[in-house]
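Turn these sequences into a full structure, and let the hints steer you where they fit.
Chains as they are written, first to last, in the working numbering: chain A, 1 to 116; chain B, 1 to 114.
The calculated lysine to any residue pairs, modelled on SDA-like cross-linking and capped at a C-alpha distance of 20 Å, are:
1. A:Lys49 x A:Ser3
2. A:Lys49 x A:Asp85
3. A:Lys108 x B:Gly58
4. A:Lys108 x B:Gly40
5. A:Lys108 x B:Gln44
No lab work stands behind these hints, which were simulated from the structure alone.
Next come the chains, spelled out residue by residue.
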Amino acid sequence: AQSVTQLDSQVPVFEEAPVELRCNYSSSVSVYLFWYVQYPNQGLQLLLKYLSGSTLVESINGFEAEFNKSQTSFHLRKPSVHISDTAEYFCAVRTPYTSGNTPLVFGKGTRLSVIA
Amino acid sequence: ETGVTQSPTHLIKTRGQQVTLRCSSQSGHNTVSWYQQALGQGPQFIFQYYREEENGRGNFPPRFSGLQFPNYSSELNVNALELDDSALYLCASSLFRGNNYGYTFGSGTRLTVV
Numbered sequence: 001a002q003s004v005t006q007l008d009s010q011v012p013v014f015e016e017a018p019v020e021l022r023c024n025y026s027s028s029v030s031v032y033l034f035w036y037v038q039y040p041n042q043g044l045q046l047l048l049k050y051l052s053g054s055t056l057v058e059s060i061n062g063f064e065a066e067f068n069k070s071q072t073s074f075h076l077r078k079p080s081v082h083i084s085d086t087a088e089y090f091c092a093v094r095t096p097y098t099s100g101n102t103p104l105v106f107g108k109g110t111r112l113s114v115i116a
Numbered sequence: 001e002t003g004v005t006q007s008p009t010h011l012i013k014t015r016g017q018q019v020t021l022r023c024s025s026q027s028g029h030n031t032v033s034w035y036q037q038a039l040g041q042g043p044q045f046i047f048q049y050y051r052e053e054e055n056g057r058g059n060f061p062p063r064f065s066g067l068q069f070p071n072y073s074s075e076l077n078v079n080a081l082e083l084d085d086s087a088l089y090l091c092a093s094s095l096f097r098g099n100n101y102g103y104t105f106g107s108g109t110r111l112t113v114v
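The following block contains the structure:
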């Protein structure tokens, strides 16, 4: 079974400052890793994913995450945040499917609040 | 390409009642998964449907049941509602054995049990 720990439930940060949202996972097998964002009263949107290959993955809106197998981590970073980045961020894992789609296992989320 | 549509957006039910939530999958997707997101928590997997059959289930009691229809849309039914069932219910569609990241989520149904 897999589990995901998001180490910070809330992260306040000033606009244009850098931010890191931490995510650690536990799994006895290899996993795929994801970050989802949830804006108020909305569903989940995929921010970025790691399936294989380069351990540094980037999103189109400036976020990046680095897969660290030895640390079992997949921390999310952004060098300069905007007010519009205020949202709930969820780290998730799933195992590569063998006979079908495997479910996502989510962390409890980190609420990022960007302060003007 | 249409996204995932869920209805209703909000719902208030009384303890002991039954509820049905609906989900229309994204065009081209043939698998539907349901997740429960309690307040302040991450989403938890309820079950998944493929070819109109349950194809995986999380740690939820049998009073949580579902259906998938030939057009790949789906329903989530919850019987004998309990106060702890109050949550945001998210539907996600994907392509079976398709993209490994290809989950598209709907905006959810907010269920309040009083």
